[in-house]
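Novice: Sequence:
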Amino acid sequence: MRTQTRGRQGNGRAIRATLAGAVLSVFLLSACGGGGDGAAFPLSGGEQGDGGDVSAAGVTLALPEGWAFLDNGDRGMVVAERLADLTAMAPQGPRLTVEPGNTDPPDPEALVSAISGAGTARVEVVEEPDTVSVGAEEGVAIELLEDDGDGAMVRRYVIVNVDGSNVYQFVLEAPEDGWDDSVDTLEGVLESAEFGPLAEAEPPAQSSTLEDYFRRLDELNDEFGRRSVDLEAQIDKDIAAITTDAEAIDLMGPFLTDTANVLEDFIDALDELNPPPEVEETHDAVVTAGRRTVDAFRGLLGDVAAADSAAGIETLLSDPGLQDEIAAFNQTCSQIQAVADESGIAVDLNCGQE
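Our numbering puts the first residue of the sequence shown at -6, with every later residue one more than the last.
Keep in mind that the hints were calculated from the coordinates and are not lab data. Be aware that one or more of the hints could be misleading.
To be verified - Restraint ranges, calculated between C-beta atoms of paired labels, are given here:
hint: 1; residue 1: 301; residue 2: 324; range: 46 to 54 angstroms
hint: 2; residue 1: 124; residue 2: 46; range: 31 to 39 angstroms
hint: 3; residue 1: 269; residue 2: 173; range: 13 to 21 angstroms
hint: 4; residue 1: 46; residue 2: 296; range: 43 to 51 angstroms
hint: 5; residue 1: 308; residue 2: 274; range: 51 to 59 angstroms
hint: 6; residue 1: 295; residue 2: 85; range: 25 to 33 angstroms
hint: 7; residue 1: 123; residue 2: 144; range: 21 to 29 angstroms
hint: 8; residue 1: 331; residue 2: 230; range: 34 to 42 angstroms
hint: 9; residue 1: 233; residue 2: 317; range: 54 to 62 angstroms
hint: 10; residue 1: 311; residue 2: 48; range: 44 to 52 angstroms
hint: 11; residue 1: 237; residue 2: 160; range: 39 to 47 angstroms
All figures in this text were calculated on a predicted structure; none of them were measured in a lab. Where is the CB? At the ideal position from N, CA and C, for every residue including glycine.
Sequences and hints are given; from them, build the entire structure.
Specialist: Set out below in structure tokens:
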């Protein structure tokens, strides 16, 4: 590369150009969505509260006055001191997330390995696993210091098994420099937890018409697009600041993780729709192709971490396997767009368009 002979500034420009080319190939995927401002975490914005009890997914928490609350339905909830932190990748103040699911007690080595593999530059065990009180239940907790290069976060992961059946993960988190001031409040919220039965999952109601289905799909697609635009703006900003291959490599792990998460949220929400018969086969094809694309992105994380240059990352993201999955996803998007067009339904999914 000729720019390597120009010294640090020229080399930085070359690295930025190479990385920007790699990122562009990723955002050929995101073109399936619309534009606008998007959330970086869950799919809805939440609300500021006046304190008191909030409930979701069989858990009730008592919030301090002024804390905000986001109900994610059967996926749990997020509570935070600041409204903006409900949807932030990394909160600026204390935040607690509750997620139901089948989760084993925290294993330090496995947890540190998983978080490091997701692109976090530095992960340290602050407190080894120990039992903690979660309302009337006991949980197992491990506390980590995680630093992705944009600021260190302390996160305490707590797993609770209620009555041997319902399992929950609680994540207490705050910036490292604010953890000591936040931990007592976070622990108070955790200890206030009360557990009730999880609501029985009801089969999704079938969309009564194609118009209903495409209206909802259009809403989900717009949200996916807004989040993709937000992610693209952040990566463009980060690329502008890098000057070395090492910085480029550190940047791409979290970016690929965030890209996969944004797509997975869209596919999960799409999968919850129950389409009418005339679009069911195409709908299922979109979901399948989307999940394969998510897996393809996540499958690159180890190789990206082991790359020795920005050019190496560009080669990885140009891998035919990944590009084939992206192309297949965009193709299924085009097929479902064709159903709308043939039915005279005004919706534009922007499939595969830049």
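Novice: For this structure, which hints from the list above don't hold up?
Specialist: 1, 2, 3, 5 and 9
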